[in-house]
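In case you want the letters, here they are:
Protein chains: 2
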Amino acid sequence: MNFLEEKILSDGSIKSGNILKIDNFLNHQIDVDIMRQIAYELKRRFKGVAINKILTIEASGIAIATMIGDLYDVPVVFAKKSETANSTDDKYVSHAYSFTHKRMNSVFVSRPYLHATDRVLIVDDFLADGQAVHALIDLVHQAGGEVAGIGIAVEKGQQKGGRTLREEGYHLESIAIIEEMDWQAQTIRFREQPQHDLTNTPIKAID
Amino acid sequence: MNFLEEKILSDGSIKSGNILKIDNFLNHQIDVDIMRQIAYELKRRFKGVAINKILTIEASGIAIATMIGDLYDVPVVFAKKSETANSTDDKYVSHAYSFTHKRMNSVFVSRPYLHATDRVLIVDDFLADGQAVHALIDLVHQAGGEVAGIGIAVEKGQQKGGRTLREEGYHLESIAIIEEMDWQAQTIRFREQPQHDLTNTPIKAID
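Protein sequence lines, in the order shown, are assigned to chains P and W. Numbering-wise (this note's numbering), the first sequence opens with residue 31 and increments by one. Numbering-wise (this note's numbering), the second sequence opens with residue 31 and increments by one.
Just so you know, the hints here were simulated from the structure itself, not pulled from any lab data. Keep in mind that a hint or two might mislead.
Since copy identity is lost for identical chains, a pair holds within one copy or between any two.
[Said to hold, decoys possible] Each computed DSS-like pair below joins lysine-lysine, with the alpha-carbon atoms no more than 25 Å apart:
(1) Lys-132 with Lys-37
(2) Lys-45 with Lys-73
(3) Lys-37 with Lys-51
(4) Lys-132 with Lys-73
(5) Lys-132 with Lys-77
(6) Lys-132 with Lys-111
(7) Lys-51 with Lys-111
(8) Lys-234 with Lys-132
(9) Lys-45 with Lys-77
(10) Lys-77 with Lys-111
Just so you know, these numbers come straight off a predicted model, no measurement behind them.
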């Protein structure tokens, strides 16, 4: 079990409707130690991948994006949301359905902040249906740039976002993937993930 | 001239209506080096002040708040905005007029994330009329906590926010204070500020 899975078990709670509530450390109150660990872990998982920009969406993705931008020492861009926005000379616009607000939101980035030469790491705190990430991918592609990877803190593995992105061939890394949750029993099962730290031949202890 | 004033001169621009546009490094694209320097400078200016929590408001305050929370190693809380929110058992609610959206926004923090024992450093990227900061102060006071200080990147010195907060007795530190701007000439005058680094007796060079 990794640090984020342990943190979810110790500090999170499951609300009725199978909603995982971890806004005490991830997306309302922010535990900076966990954010720093998330940033280091994502950088480790994308080792060897050339990245010159971090892209996220307001608001709760900004903390992770800032921490990982600090590690890579590259600019961070956060896409803005609004109820209405049209593509213009000065911005790229895409769209994402907000399940929270039950409406289609415009998602945009000013043109000077995405380029055809960009190799972008998209990051966000949560991945569920994938609406926000797909809008961010669309913005990168409108600018002619390349999506070098997608880094997520918590993926809801039962929703289609992660599966779709992997099928589309994106390099997606989610630190914790929730396979199932039970509100009444307050139990979570995480998806087993490859032990990334064991890709090198491990040193063996001498008996 | 300090690092932020220099950055504003080199990378910012003044738009008609005397709008300072610095979203290429502060509040849309984020220059992590500048953010880190802002965090270090604010921590230096609040040296000796006991702080156990950082409070900001979504969205663009989150990057600075994350960096400074990382330096202090304390939790960061960002207040959320919505068009409608009422005080309930589970959240503190205040109100701030949004000049951008020309409407009154609700600003709220879940009750578990502000306490009577908190000594809070409020941070934000911009201070103009002071609506957002006053709403954050109100939230801290509703929880019975204390505002230990207010740290701002860029203050618009001609608007009333900074003057009001200083008159109210708050310890407000703004790294750059714009005293006047001229769109047509593309000129800015910054308010002279005490040289904070000279509060100790400086070492003198031997002739």
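Verification of the hints:
1. Lys-132 with Lys-37: neither (30 Å within a copy, 40 Å between copies)
2. Lys-45 with Lys-73: For Lys-45 and Lys-73, neither the intra-copy (31 Å) nor the inter-copy (38 Å) Cα distance is at most 25 Å.
3. Lys-37 with Lys-51: Cα proximity of Lys-37 and Lys-51: one copy only (12 Å, versus 40 Å across).
4. Lys-132 with Lys-73: neither (34 Å within a copy, 41 Å between copies)
5. Lys-132 with Lys-77: Answer is neither; intra-copy 37 Å and inter-copy 45 Å both fail.
6. Lys-132 with Lys-111: both (14 Å within a copy, 17 Å between copies)
7. Lys-51 with Lys-111: Intra 23 Å, inter 19 Å, cutoff 25 Å: intra and inter.
8. Lys-234 with Lys-132: So Lys-234 and Lys-132 fail the 25 Å test inside a copy (54 Å) and across (64 Å) alike.
9. Lys-45 with Lys-77: For Lys-45 and Lys-77, neither the intra-copy (36 Å) nor the inter-copy (41 Å) Cα distance is at most 25 Å.
10. Lys-77 with Lys-111: Cα proximity of Lys-77 and Lys-111: none, with 31 Å in one copy and 37 Å across.
Hint compliance for this structure: hints 1, 2, 4, 5, 8, 9 and 10 are not met, and every other hint is.
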